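S.K.: Top to bottom, those sequences are chains A and H. Note that our numbering has the first sequence beginning at 85, numbered continuously upward. Note that our numbering has the second sequence beginning at 37, numbered continuously upward.
Quick caveat, the hints were computed from the structure, so don't treat them as lab data. Please note that a few of the clues may not be correct.
Unchecked claim - Taking lysine-lysine and the DSSO-like style, the derived pairs with C-alpha atoms no more than 27 Å apart in a straight line are:
{"hint": "1", "chain 1": "A", "residue 1": "K152", "chain 2": "A", "residue 2": "K137"}
{"hint": "2", "chain 1": "A", "residue 1": "K192", "chain 2": "H", "residue 2": "K247"}
{"hint": "3", "chain 1": "A", "residue 1": "K140", "chain 2": "A", "residue 2": "K130"}
{"hint": "4", "chain 1": "A", "residue 1": "K189", "chain 2": "A", "residue 2": "K213"}
{"hint": "5", "chain 1": "A", "residue 1": "K213", "chain 2": "H", "residue 2": "K43"}
{"hint": "6", "chain 1": "A", "residue 1": "K156", "chain 2": "A", "residue 2": "K266"}
{"hint": "7", "chain 1": "A", "residue 1": "K197", "chain 2": "H", "residue 2": "K247"}
{"hint": "8", "chain 1": "A", "residue 1": "K213", "chain 2": "A", "residue 2": "K130"}
{"hint": "9", "chain 1": "H", "residue 1": "K297", "chain 2": "A", "residue 2": "K213"}
{"hint": "10", "chain 1": "A", "residue 1": "K152", "chain 2": "A", "residue 2": "K197"}
{"hint": "11", "chain 1": "H", "residue 1": "K247", "chain 2": "A", "residue 2": "K213"}
{"hint": "12", "chain 1": "A", "residue 1": "K197", "chain 2": "H", "residue 2": "K250"}
{"hint": "13", "chain 1": "A", "residue 1": "K189", "chain 2": "H", "residue 2": "K297"}
Remember, predicted model here, so these are calculated numbers, not experimental data.
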Amino acid sequence: MKAVIFCDVSFSYDKKVLEDLNFEIEGGEFVAILGPNGAGKTTLVKLILGLLKPEKGWVEVFGYDSFKERNKFVDLIGYLPQREEIANELPLTVSQVVKLPLLSKGKKVSDEKVVEALSMVGMEGDVRKRFNELSGGQQQRVLLARALVRNPEMLLLDEPFNGVDIPSQEKIVEVLSNLTSKGKTVIAVVHNINPILHEVDRVILLNRRIIATGKPNDVFTEENIIKAYGSSIPLVICEDGYTHPLR
Amino acid sequence: MDELLIKAIIVSALVSINAAVAGTLTVFRRASFLVAGSAHSALAGVAVALFLNSIGFEVHYFAFALLAAVFAAFLSARASKYGDINTGIAIAFALSMAVAVIFISVTRNYASSVWQFLFGDVLLLTDDDFALIAISTAFVLIATSFLYHKFLFISFDPDGAEAFGINVHLYDFILISLISISVVSALKAIGAILVFSIFIAPSASAMELGKSTKAVFSISFIIALLSMYFGLVISYQYSLPAGALAALISSLTYFTVTARKMS
Chain A
85 MKAVIFCDVS FSYDKKVLED LNFEIEGGEF VAILGPNGAG KTTLVKLILG LLKPEKGWVE
145 VFGYDSFKER NKFVDLIGYL PQREEIANEL PLTVSQVVKL PLLSKGKKVS DEKVVEALSM
205 VGMEGDVRKR FNELSGGQQQ RVLLARALVR NPEMLLLDEP FNGVDIPSQE KIVEVLSNLT
265 SKGKTVIAVV HNINPILHEV DRVILLNRRI IATGKPNDVF TEENIIKAYG SSIPLVICED
325 GYTHPLR
Chain H
37 MDELLIKAII VSALVSINAA VAGTLTVFRR ASFLVAGSAH SALAGVAVAL FLNSIGFEVH
97 YFAFALLAAV FAAFLSARAS KYGDINTGIA IAFALSMAVA VIFISVTRNY ASSVWQFLFG
157 DVLLLTDDDF ALIAISTAFV LIATSFLYHK FLFISFDPDG AEAFGINVHL YDFILISLIS
217 ISVVSALKAI GAILVFSIFI APSASAMELG KSTKAVFSIS FIIALLSMYF GLVISYQYSL
277 PAGALAALIS SLTYFTVTAR KMS
């Protein structure tokens, strides 16, 4: 089943942010969406979540119109927002953070389920700690556990590696790989693809339009990089044969 | 003990509950200015009610104050879709004050009534005022207990809450409306100008001291209650205004707490 379909999608705020997007993401795929600042990455995430109505075209998520029928698929998606948008001054415990989405919908969450989700990201020992006393990387892992606690079919991550230390990055990548091996769909919006480049099935290079889409080595060419970023970026081929943009 | 004093002691406790609940939720939502906005919007409603009373219509201030505060909340919540919530609140604040000044200026014999709504007096409450505060407090407590996790979620992570299917703008509006009810219920007891210090200073101090959400609510309640009670005691001894004394104590507590944090 197709997890996401974009059909001729355009969107504007004051000016055009996304134009004529056409792409599909299969269920079980691990896709990275990459582009410079202002490329429309976060808008694209909001379109998938059904929070914005396309100005033209339509977006489908698990067969439902993302804007008109979001209630039908919202429970199938785990979402990891940009950590910078979170009110870090609230004195919430790690357990409260993980439970909050379900409690806010009147659903009970057992402590075992919380520990289970936290153990997936290696944070099961921190259940009673205060969220705002954790490092950026640890906070991101807790937020990932929060997204996973409902066992979603698709995980949508908005800049999951911003301000995240290397051990946490590695743990997050490991979790995402495990999820795709279990048939879950993972879509990660990133400005730096290198932490997940070896794991992704496909890259969508975006700058208001889709510049290129395909396997990382097919997408990261000098020509595509210049089209997306407006200037050249050093490309390095690693020992495993993957082309890495050094940005 | 004097009946007025007993009533004042009970009202102080009720106002402190409102201050702890509404104040803490406001601080959590990073919209402290909302309390001042609500109080001054409510004042516009009071001014309209006083004007109508002065020309022969018998109306109760509470409904008008609440309507004005909720209407301002609605305008603020709508405006927050396009920018910072405090901008909407500030403009609603200015609009309400303009309405208040216009209606006060055309109302005869208004001075003493307006004075009580501006600065409050916990010792001058009628039985009606007492009942209104008790009912409003019960309503705010019940509504908050049902919606607590939603309020916490939209305060902690509005993007995540929205993605999870919570209608952030709707619950923002409900939250703002509940805060408005709390503020309006306390208006006659502590006044539109001083309400900010009783609602926000204790919660802001508690945010610095509390290690958990429960602790923040509890500390906030204790600071508000002690401020109100010490205000009453000093007022009784030296014939000074109780509301102003309570505001002074809670504000000084906040500055003491933040100064200790900095040192």
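S.K.: None of the hints should be skipped; say for each whether it holds.
M.R.: So, going through the hints one by one against the coordinates:
1. K152/A - K137/A: holds, 9 Å
2. K192/A - K247/H: Distance ~24 Å between K192/A and K247/H Cα, so the pair holds.
3. K140/A - K130/A: Holds. K140/A to K130/A sits at ~15 Å (cutoff 27 Å).
4. K189/A - K213/A: holds, 24 Å
5. K213/A - K43/H: violated, 43 Å
6. K156/A - K266/A: holds, 23 Å
7. K197/A - K247/H: Holds: K197/A and K247/H sit about 24 Å apart, inside 27 Å.
8. K213/A - K130/A: violated, 31 Å
9. K297/H - K213/A: holds, 21 Å
10. K152/A - K197/A: The given pair, whose Cα atoms are some 32 Å apart, is violated under the 27 Å limit.
11. K247/H - K213/A: Given pair K247/H, K213/A holds - Cα atoms ~10 Å apart, limit 27 Å.
12. K197/A - K250/H: Given pair K197/A, K250/H holds - Cα atoms ~23 Å apart, limit 27 Å.
13. K189/A - K297/H: Violated, at roughly 37 Å.
In this structure, the earlier hints numbered 5, 8, 10 and 13 are contradicted, and the remaining ones agree with it.
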